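A.B. asks: The lines below spell out each chain.
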Amino acid sequence: MNKVFGRPRSLTDRLMHYCPGCTHGISHRLIAEVMDELDIRERTIGVAPVGCSVFAYDYFECDFQQAAHGRAPAVATGIKRVLPDRVVFTYQGDGDLASIGMAEIIHAAARRENITVIFINNAIYGMTGGQMAPTTLPGQVTSTSPAGRQVDKLGYPMRVSELLATLEGAAYVVRVSLHNPAHIARARRALLQAFKYQLDGKGFSLVEMVSTCPTNWGIPPLESLKWLEEHMLPAYPLGVFKDIGGGQG
Amino acid sequence: MPRVAFDQERCKGCGLCVAVCPVKIISISQHINWQGYRPAGVEDQEKCTACTMCGRVCPDTVIEVYK
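Here the protein sequences come in this chain order: A and B. Counting from 1, one number per residue, gives the positions in the first sequence under the working numbering. Counting from 1, one number per residue, gives the positions in the second sequence under the working numbering.
Some hints could be false.
[Claimed, not checked] Cut-off 25 Å, straight-line C-alpha distance, at most; resulting in silico cross-link-like pairs (PhoX-like, lysine-lysine):
hint : chain 1 : residue 1 : chain 2 : residue 2
1    : A       : 202       : B       : 24
2    : A       : 226       : B       : 24
3    : A       : 3         : B       : 47
4    : B       : 24        : B       : 47
5    : B       : 67        : A       : 3
[Said to hold, decoys possible] Part of the chain A face toward chain B, derived, beta carbon under 8 Å:
hint : residue
6    : 17
7    : 21
8    : 23
9    : 25
10   : 55
11   : 57
12   : 203
13   : 222
14   : 233
The hints are simulated quantities; they were obtained by calculation from the structure and are not laboratory data. Given the structure is predicted, the values throughout are model-derived calculations rather than measurements. Here a beta-carbon is modelled for each residue, glycine too, at the ideal position from N, C-alpha and C.
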């Protein structure tokens, strides 16, 4: 009897601290599977953000550095430029990347840094208690927008992938979702492509993963996946926003 | 014979696997694990097709599938 599915080698056996049903665990596993498939674990360096996924360094069997809030792309830039033979990725939530870290991510993409960014977009701040994020949807209730995000006072959500896709330095920018097995499989393929682009030296790659936050959304895990599909996907359409090509195979 | 194994002490009982199982053999157990959650488990291994859907949606890498 052969094992056809199990924990990838690039994940540690540490129990993840994430809440029940949180899709961080799925995205971690996908990244680890891709590290296994490309056989890059021994030369990969991850950069952890500030936020729920700050402890990502405990969960991956590769080297890790934790960055100040939003500064993961700057730290990854330094690592990659000093150690260009390493595979460098950042793992950042929307509070980290799209708010305090917006300058870093834009400039890293514009500079054509040869790094891979995993961007987890669940439209809310998780670790700090469910506050409104730059990605929060119009009308969405958060702890700092208790009446729902009112666009006349609080503006509109940012679509990071679309923004970054306008930059010449970006090689591959894609938005995927984690709400069902088919989309999880597509997310895995996007990650594979992003890491291959880095291995081929093609420049900046970013995989935005539309994700859930059952605890701070106040919605049970399974219903959160439905909420994601019904509310987030219309605001954050899936697809490839930039692909310079040539990285197949 | 396909088989699925749950590491029930790791499980947080989120139920995502219960929803995606095409043969509906996964359910939430009545007992409570050391974390304080009611873990998912399989009642009828005979019906497992080793499709791996449960493992692919599991956020906590609780599930191993054999074929």
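A.B. asks: The structure should be examined with respect to each hint, and the outcome stated for every one.
C.D. replies: Now for the hints, and whether the structure bears them out:
For the hint linking residue 202 of chain A to residue 24 of chain B, the alpha-carbon distance of about 45 Å lies beyond 25 Å, and the restraint is violated. A threshold of 25 Å between alpha carbons decides the hint, and for residue 226 of chain A with residue 24 of chain B the separation of about 19 Å falls inside it, so the pair holds. For the hint linking residue 3 of chain A to residue 47 of chain B, the alpha-carbon distance of about 17 Å falls within 25 Å, and the restraint holds. Using a Cα cut-off of 25 Å, the hinted pair residue 24 of chain B and residue 47 of chain B holds, with the two alpha carbons roughly 9 Å apart.
At most 25 Å may separate the alpha-carbon atoms for a hinted pair to count; residue 67 of chain B and residue 3 of chain A meet this at roughly 6 Å. The beta carbon of residue 17 of chain A comes no nearer than 10 Å to any beta carbon in chain B, farther than 8 Å, and the hint placing it at the interface is violated. Given the 8 Å rule on beta carbons, the hint for residue 21 of chain A holds: about 3 Å separates it from the nearest Cβ of chain B. With 8 Å as the threshold, the beta carbon of residue 23 of chain A comes within range of chain B, its nearest partner Cβ sitting at about 6 Å, so the hint holds.
Interface hint at residue 25 of chain A: satisfied, since its Cβ lies 3 Å from the closest Cβ of chain B, which is below the 8 Å cut-off. For residue 55 of chain A, the shortest C-beta to C-beta distance to chain B is roughly 14 Å, which exceeds 8 Å, and the interface hint is violated. Checking residue 57 of chain A against chain B: minimum C-beta separation of about 17 Å lies over 8 Å; hint violated. For residue 203 of chain A, the interface hint is violated, since its Cβ never comes within 8 Å of a Cβ in chain B; the closest pair sits about 30 Å apart.
The beta carbon of residue 222 of chain A is positioned within 8 Å of a beta carbon in chain B (closest approach about 5 Å), and the interface hint is therefore held. Interface restraint check for residue 233 of chain A: the shortest CB-CB distance to chain B comes to about 17 Å, outside 8 Å, so the restraint is violated.
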